[in-house]
Structures are given as C-alpha cells and as structure tokens.
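*Asks:* Each chain, letter by letter, is given below.
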Amino acid sequence: AQSVAQPEDQVNVAEGNPLTVKCTYSVSGNPYLFWYVQYPNRGLQFLLKYITGDNLVKGSYGFEAEFNKSQTSFHLKKPSALVSDSALYFCAVRDMKGNEKLTFGTGTRLTIIP
Amino acid sequence: NAGVMQNPRHLVRRRGQEARLRCSPMKGHSHVYWYRQLPEEGLKFMVYLQKENIIDESGMPKERFSAEFPKEGPSILRIQQVVRGDSAAYFCASSPQRTGKGLETQYFGPGTRLLVL
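Protein chains in written order, with this note's numbering: chain H, 169 to 282; chain U, 411 to 527.
For the record, the hints were derived by calculation from the structure and aren't laboratory data.
Among the hints, a few may not be true.
Pulled a few chain U residues facing chain H out of the computed Cβ check, cut under 7 Å [unchecked claim]:
{"no.": "1", "residue": "G438"}
{"no.": "2", "residue": "H439"}
{"no.": "3", "residue": "I464"}
{"no.": "4", "residue": "F475"}
{"no.": "5", "residue": "G521"}
So the derived label-pair ranges between C-beta atoms look like this [unchecked claim]:
{"no.": "6", "chain 1": "H", "residue 1": "P247", "chain 2": "U", "residue 2": "R424", "range": "34 to 44 Å"}
{"no.": "7", "chain 1": "H", "residue 1": "D177", "chain 2": "U", "residue 2": "G483", "range": "18 to 28 Å"}
{"no.": "8", "chain 1": "H", "residue 1": "S171", "chain 2": "U", "residue 2": "G495", "range": "18 to 28 Å"}
{"no.": "9", "chain 1": "H", "residue 1": "S228", "chain 2": "U", "residue 2": "R523", "range": "44 to 54 Å"}
{"no.": "10", "chain 1": "U", "residue 1": "M436", "chain 2": "H", "residue 2": "Y207", "range": "42 to 52 Å"}
{"no.": "11", "chain 1": "H", "residue 1": "S196", "chain 2": "U", "residue 2": "K454", "range": "35 to 45 Å"}
{"no.": "12", "chain 1": "H", "residue 1": "T240", "chain 2": "U", "residue 2": "K481", "range": "24 to 34 Å"}
{"no.": "13", "chain 1": "H", "residue 1": "Y207", "chain 2": "U", "residue 2": "V422", "range": "43 to 53 Å"}
{"no.": "14", "chain 1": "U", "residue 1": "M415", "chain 2": "H", "residue 2": "S228", "range": "17 to 27 Å"}
{"no.": "15", "chain 1": "U", "residue 1": "E462", "chain 2": "H", "residue 2": "K245", "range": "23 to 33 Å"}
Just so it is clear, the structure is predicted and the values come from calculations on it, not from any experiment.
All residues carry an ideal CB built from backbone N, CA and C; glycine is no exception.
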C-alpha cells in the first residue's frame with residue numbers, strides 16, 4: 169500500500185527566509201508525487217508534480233520540489249518566503265500501476281512570520 | 411474556463427437525514443474523484459468515477475454511502491441516514507481522460523462542508 173508522511177505538523181519561517189516542507193513516501197514501483205496547498209475554507213490548489221525526468225521540479229508561486237529516490241523524499245522548497253505563503257500544504261503520491269487514487273499526507277501548516 | 415464546481419458549499423443535516431453533494435467537473439474532464447477530509451486530517455480517497463461507471467470505490471464506507479456520475483449532469487455523492495461522524499469536508503476532483511503520455515493532474519473543487527447535528 170502507498171503512504172505519505174509529513175513529519176512536521178507546523179513549520180514557522182521568517183518572511184524572506186528560505187522554507188522547506190518535508191515529505192517522504194512509500195510506494196511499490198516508481199511514484200507520481202504532488203504538492204497541493206489549501207487556504208482556509210478553500211479547496212486544494214495544485215502546486216507541482218513529479219512524474220519523471222529532472223529531480224528538481226518547478227511549480228506555481230515560486231515553489232519547487234526535489235525528488236530524491238534513495239531517500240524516498242519529495243521536499244517542497246522556496247528560496248524566499250512570503251507572508252501570503254501561509255497555508256496548509258499537502259504532499260500526495262500515486263503509483264504508476266494504474267491506480268488513480270491519490271494518497272495524501274496529514275498536512276503541514278506553514279506560517280510565515282512578518 | 412470554470413474550475414471544478416461543488417454545491418452546496420455548506421450543508422447542515424440532522425441525524426438520520428440524507429445528504430446529497432454535487433460536483434461538476436472542469437470542462438473537458440471525464441474523470442471524477444471524491445475525497446473526505448476530517449478535521450485536522452489529510453484527504454482520504456473515497457471513490458473514482460467515469461461517466462456512468464464506478465471505477466474504484468475502495469475508499470467508500472460499505473453502508474449508507476453511494477456515488478454516481480450520470481451521462482448528463484453532475485456527479486452526486488449521497489449519504490443516507492447521516493450520523494455525526496459523517497461531519498467533514500467532502501472534496502471533488504476531476505481530471506481529463508488519460509492521453510497515454512503521462513499522468514493527468516487532479517484539480518479540486520472548493521468542497522462541501524457537511525455538518526451533522
């Protein structure tokens with residue numbers, strides 16, 4: 169069975185500093201990996217995905233994520249945090265075997281401190 | 411191009427009543443997924459549908475829950491005889507038909523927040 173772990177419930181970062189939101193996964197075979205962001209009382213917005221190719225994936229709003237197969241990780245990063253980045257971030261995985269469902273982590277609440 | 415639409419956005423039901431949640435996928439999308447988010451938790455997969463077909467319902471509770479995606483109209487998630495434990499946010503996502511060139515992203519609606527009194 170596939171699974172995702174987001175080890176940090178809460179991450180606080182000062183505005184202008186780099187941020188990292190951690191994600192590790194477990195899946196049989198090669199993974200498809202996703203990051204979504206959720207603002208209060210809203211749905212999930214797609215940020216970026218990894219399918220194959222370059223390990224560094226660039227996405228929306230200046231976010232990027234690095235796929236590391238040996239560490240089974242897909243950490244979300246941004247070089248300089250904005251207050252508007254404060255939200256709930258979800259990592260998700262899907263395997264390549266035709267199973268369409270996404271398996272989500274429990275989420276990490278990111279707070280950017282002005 | 412409108413995104414995924416869900417209605418109602420908020421729904422209040424008393425125990426024992428029925429809840430019907432509707433989802434209209436993005437234009438051109440033929441795949442619909444339903445997820446449930448309990449307070450302070452991540453999203454859990456419930457069911458995956460294509461037009462007139464249930465493809466994967468491995469996440470659906472065995473009783474009281476059903477889903478459909480008719481040829482015409484929105485997808486419906488139906489919960490009969492609701493209980494307090496059904497209180498959650500229910501999200502619908504859609505994706506286009508797979509092209510064979512790679513993975514299609516699921517795009518999410520704003521959700522329906524169900525409160526059972």
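*Asks:* Each hint should be assessed against the structure and marked as holding or not.
*Replies:* Hints and how they fare:
1. G438: 16 Å, violated
2. H439: Check failed: Cβ of H439 of chain U comes no nearer than 13 Å to chain H, outside 7 Å.
3. I464: This interface hint is violated because 12 Å lies over the 7 Å limit.
4. F475: 16 Å, violated
5. G521: 5 Å, holds
6. H:P247 x U:R424: 34 to 44 Å: 50 Å, violated
7. H:D177 x U:G483: 18 to 28 Å: Given a distance of about 40 Å, which is not inside 18 to 28 Å, the answer is violated.
8. H:S171 x U:G495: 18 to 28 Å: 23 Å, holds
9. H:S228 x U:R523: 44 to 54 Å: Once the Cβ atoms are compared, 25 Å apart, the range 44 to 54 Å for R523 of chain U and S228 of chain H is violated.
10. U:M436 x H:Y207: 42 to 52 Å: 19 Å, violated
11. H:S196 x U:K454: 35 to 45 Å: This hint is violated: roughly 20 Å between Cβ atoms.
12. H:T240 x U:K481: 24 to 34 Å: Given about 42 Å between the Cβ atoms, the range is violated.
13. H:Y207 x U:V422: 43 to 53 Å: At roughly 23 Å between Cβ atoms, V422 of chain U and Y207 of chain H fall outside 43 to 53 Å, so the hint is violated.
14. U:M415 x H:S228: 17 to 27 Å: 21 Å, holds
15. U:E462 x H:K245: 23 to 33 Å: This hint is violated: roughly 42 Å between Cβ atoms.
Hints 1, 2, 3, 4, 6, 7, 9, 10, 11, 12, 13 and 15 from the list above are not met by this structure, while the remaining hints are.
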